[in-house]
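Here the protein sequences come in this chain order: L and D.
The first sequence begins at 1 in the numbering used here and counts up one residue at a time.
The second sequence begins at 264 in the numbering used here and counts up one residue at a time.
Hints listed in this document are in silico derivations from the structure and should not be mistaken for laboratory results.
Accuracy of the hints is not assured; some may be wrong.
Listing some non-contacts, in silico: residues in chain L with all C-beta distances to chain D over 10 Å [unchecked claim]:
#1 G50
#2 L116
#3 A118
#4 L129
#5 M153
#6 Y155
#7 I160
#8 V188
#9 T199
#10 Q223
#11 G236
#12 L237
#13 L244
For the chain D half of the interface with chain L, some residues (derived, Cβ under 7 Å), not all of them [unchecked claim]:
#14 P277
#15 V278
#16 H345
#17 D350
#18 K373
#19 R377
#20 Q395
#21 R398
#22 R400
#23 F401
#24 V437
#25 S466
#26 F470
#27 T553
Glycine residues also receive a C-beta, built at the ideal position from the N, C-alpha and C atoms.
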Amino acid sequence: MPMAGLVLVVAFVLLALLGPLVTGDPAAQDYLATLAPPSGAHPMGTDDLGRDAFARIAHGAQVSLQAGVLSTLLAMVVGIPIGLVAGFYRRWLDPIVMRLVDVTLAFPFLVFAVGLAAIIGPSLKGVVLALGFSQLPAIIRITRGEVLAVREMDYVAAAIADGAGDGHIIFRYVLPNCASPLIVQATVAIPAAIIGEATLSFLGLGVQPPTPSWGVMLTTAQQYLSDAPWLAIWPGLMIALATLGFNLLGDGLRDVLDPRSHR
Amino acid sequence: MILRIDNLVKHYGPVRAVDGLSLEIGEGEVLGLVGESGSGKSTVGKCVLRLTEPTAGTIELGGRDITHLSRRAMRPLRRDVHMVFQDPFSSLNPRFTIERIVAEPLLRHKVTDRREVAGRVAAMLEKVGLRQEMRKRFPHELSGGQRQRVGLARALILEPKLVVADEPVSALDVSVQASVLNLITDLQRDMGFSCLFITHDLSVVEFLADRIAVMYLGKIVESGPTAEIFAGPRHPYTQALLSAAPVADPARQRERRRIVLGGDVPSPMDPPSGCRFHTRCPLAYDECRTSEPLLNDPRGSGHPAACHLVTADRVPDAAK
Numbered sequence: 001m002p003m004a005g006l007v008l009v010v011a012f013v014l015l016a017l018l019g020p021l022v023t024g025d026p027a028a029q030d031y032l033a034t035l036a037p038p039s040g041a042h043p044m045g046t047d048d049l050g051r052d053a054f055a056r057i058a059h060g061a062q063v064s065l066q067a068g069v070l071s072t073l074l075a076m077v078v079g080i081p082i083g084l085v086a087g088f089y090r091r092w093l094d095p096i097v098m099r100l101v102d103v104t105l106a107f108p109f110l111v112f113a114v115g116l117a118a119i120i121g122p123s124l125k126g127v128v129l130a131l132g133f134s135q136l137p138a139i140i141r142i143t144r145g146e147v148l149a150v151r152e153m154d155y156v157a158a159a160i161a162d163g164a165g166d167g168h169i170i171f172r173y174v175l176p177n178c179a180s181p182l183i184v185q186a187t188v189a190i191p192a193a194i195i196g197e198a199t200l201s202f203l204g205l206g207v208q209p210p211t212p213s214w215g216v217m218l219t220t221a222q223q224y225l226s227d228a229p230w231l232a233i234w235p236g237l238m239i240a241l242a243t244l245g246f247n248l249l250g251d252g253l254r255d256v257l258d259p260r261s262h263r
Numbered sequence: 264m265i266l267r268i269d270n271l272v273k274h275y276g277p278v279r280a281v282d283g284l285s286l287e288i289g290e291g292e293v294l295g296l297v298g299e300s301g302s303g304k305s306t307v308g309k310c311v312l313r314l315t316e317p318t319a320g321t322i323e324l325g326g327r328d329i330t331h332l333s334r335r336a337m338r339p340l341r342r343d344v345h346m347v348f349q350d351p352f353s354s355l356n357p358r359f360t361i362e363r364i365v366a367e368p369l370l371r372h373k374v375t376d377r378r379e380v381a382g383r384v385a386a387m388l389e390k391v392g393l394r395q396e397m398r399k400r401f402p403h404e405l406s407g408g409q410r411q412r413v414g415l416a417r418a419l420i421l422e423p424k425l426v427v428a429d430e431p432v433s434a435l436d437v438s439v440q441a442s443v444l445n446l447i448t449d450l451q452r453d454m455g456f457s458c459l460f461i462t463h464d465l466s467v468v469e470f471l472a473d474r475i476a477v478m479y480l481g482k483i484v485e486s487g488p489t490a491e492i493f494a495g496p497r498h499p500y501t502q503a504l505l506s507a508a509p510v511a512d513p514a515r516q517r518e519r520r521r522i523v524l525g526g527d528v529p530s531p532m533d534p535p536s537g538c539r540f541h542t543r544c545p546l547a548y549d550e551c552r553t554s555e556p557l558l559n560d561p562r563g564s565g566h567p568a569a570c571h572l573v574t575a576d577r578v579p580d581a582a583k
């Protein structure tokens with residue numbers, strides 16, 4: 001199954017990288033074929049403006065994957081060090097970090113996204129920042145919780161007895177043993193961020209038309225659900241498959257990184 | 264003296280885990296520190312390795328006061344002392360191979376020449392009776408006994424002067440216990456390190472320890488040479504502990520009188536007044552409830568006990 005996940009994710013990356021080269025301009029309109037069902041000329045059909053759905057799916061893959069991967073990466077890069085330090089050193093830092101996390105959790109995601117869009121304008125950058133920020137509390141919490149458990153293990157005490165310094169203990173003992181739940185979190189967060197991007201774009205806070213994204217496509221498709229259901233099916237299917245792919249890949253990655261799982 | 268602990272106190276909040284404990288371990292000496300769970304014996308071990316901060320008292324390692332050394336200042340001294348942990352499942356980093364685990368102390372003390380490290384690890388693994396093909400394995404692939412041998416190898420690879428062994432066999436199957444105990448005995452004779460051997464099981468240290476110290480609620484109640492403790496325990500608590508261990512002779516076992524202690528160990532958050540053992544001691548009388556007996560050795564025989572009833576010409580007998 002992990003291989004299936006890898007195949008799916010690689011397929012999406014290829015679609016995002018190579019698809020646009022094959023399909024041409026996603027904004028090109030074919031006025032003779034609006035809301036056309038899938039055919040030889042338009043393998044996924046066309047939308048209300050006669051734009052090729054396949055071209056838009058391929059270009060949208062770029063936006064969706066970027067939003068998903070970049071925002072998760074951002075949250076990890078910022079959140080894991082914070083969680084590590086707060087959980088490992090405790091003292092005065094830990095309560096401060098945790099209260100800040102509580103504040104962040106209490107802050108409505110959409111309000112924050114609206115504010116951010118107002119400041120830097122609705123764009124992919126804004127989407128990545130908003131989604132990354134909204135993932136941050138979960139990452140910090142998970143990291144800190146794992147660190148709290150791992151630092152009490154005897155092998156950490158043994159590392160101190162070995163004469164190891166804090167840096168060595170954190171990076172060679174604590175972090176590797178906290179990795180599994182973080183990888184799982186990432187594989188859940190990436191598809192969630194893809195959906196989050198769709199949500200923000202749907203509300204006009206994300207990627208702006210005519211740039212295609214799966215979320216934007218779903219928004220349009222909603223109005224033509226009974227006349228042209230394929231318009232909703234394709235982006236919906238893509239989101240579902242991307243979610244499945246990342247989840248399966250995450251399972252596999254966790255197994256590969258954990259020596260306990262292979263004989 | 265390799266290790267000298269003087270009046271060590273360690274409180275975890277209101278819990279008085281160790282409450283004024285002194286002991287000494289000489290060069291090449293094995294001291295068995297015996298006590299029930301909750302008596303504070305593991306805390307003593309952790310304090311010696313500075314894995315936890317002592318509340319008060321002093322700890323001297325090889326004549327040097329290490330009680331308040333910083334982590335950094337302590338690091339070079341860690342060559343001289345290491346620890347074997349109780350739980351063989353949580354004491355080895357699951358992400359490291361056996362070879363790496365055993366090599367870590369070397370690497371942390373700037374022994375980095377690859378060939379030297381590999382050679383010393385291989386020699387150490389052989390000493391603890393692990394086959395060379397174990398080197399590339401991960402801890403989860405080993406049995407409890409094998410893991411404990413890895414823990415021993417890690418503790419001994421720098422040839423420390425002192426090894427703190429915290430219940431190193433109590434998590435193992437009885438059949439494996441004996442072989443690991445024999446291994447520790449052999450290694451100790453061979454390498455000559457001093458050892459603070461912490462256990463709840465007197466019979467485990469009978470053939471290993473030179474001296475025994477019995478702990479109860481954060482204090483030592485009796486200490487002395489192993490043979491003397493076993494032949495003539497002075498403190499009623501030690502007498503009760505010894506009477507609880509079966510003798511491998513049915514005829515004698517049947518005749519023995521067991522001292523059954525009532526109740527539980529009192530809470531270390533609120534230790535009893537006077538003698539800490541008075542709530543469970545069959546011989547307790549008024550003075551025990553009010554005044555705390557100090558370790559005394561009326562015969563000067565290096566076998567002190569903390570009991571009012573121990574005098575120059577009299578030793579209490581809790582079995583009566």
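Should the interface hint for R377 of chain D be scored as holding, given a Cβ-Cβ cut-off of 7 Å against chain L? For R377 of chain D, the interface hint is violated, since the closest Cβ of chain L sits about 18 Å away, which is over 7 Å.
Does the claim that A118 of chain L lies off the interface hold, with its Cβ farther than 10 Å from every Cβ of chain D? Holds: least Cβ distance 45 Å, greater than 10 Å.
Next item in the hint list is S466 of chain D. Is there a CB on chain L closer than 7 Å to its CB? 25 Å, violated
Interface exclusion of L129 of chain L relative to chain D, criterion Cβ beyond 10 Å: Holds: least Cβ distance 33 Å, greater than 10 Å.
Exclusion check [V188 of chain L not at the chain D interface, CB over 10 Å]: The claim holds: V188 of chain L sits with its nearest Cβ about 23 Å from chain D, beyond 10 Å.
Against chain L, with CB atoms and a cut of 7 Å, does the hint on P277 of chain D hold up? Since the shortest Cβ distance to chain L is 20 Å, the answer is violated.
Next item in the hint list is F470 of chain D. Is there a CB on chain L closer than 7 Å to its CB? It is violated, given that the least Cβ distance between F470 of chain D and chain L is near 26 Å, above 7 Å.
Least C-beta distance between G236 of chain L and chain D, which was stated to exceed 10 Å: 40 Å, holds
Least C-beta distance between G50 of chain L and chain D, which was stated to exceed 10 Å: 56 Å, holds
Given K373 of chain D as an interface hint, is the shortest Cβ-Cβ distance to chain L below 7 Å? 9 Å, violated
Grab the minimum C-beta distance from Q395 of chain D to chain L and call the hint holds if it beats 7 Å, violated otherwise. For Q395 of chain D, the interface hint is violated, since the closest Cβ of chain L sits about 19 Å away, which is over 7 Å.
Answer holds if the nearest beta-carbon of chain L is closer than 7 Å to that of T553 of chain D; otherwise answer violated. Result: violated, 40 Å to nearest chain L Cβ.
In the structure shown, a violation is registered for the earlier hints numbered 5, 6, 7, 14, 15, 18, 19, 20, 21, 22, 24, 25, 26 and 27, in ascending order.
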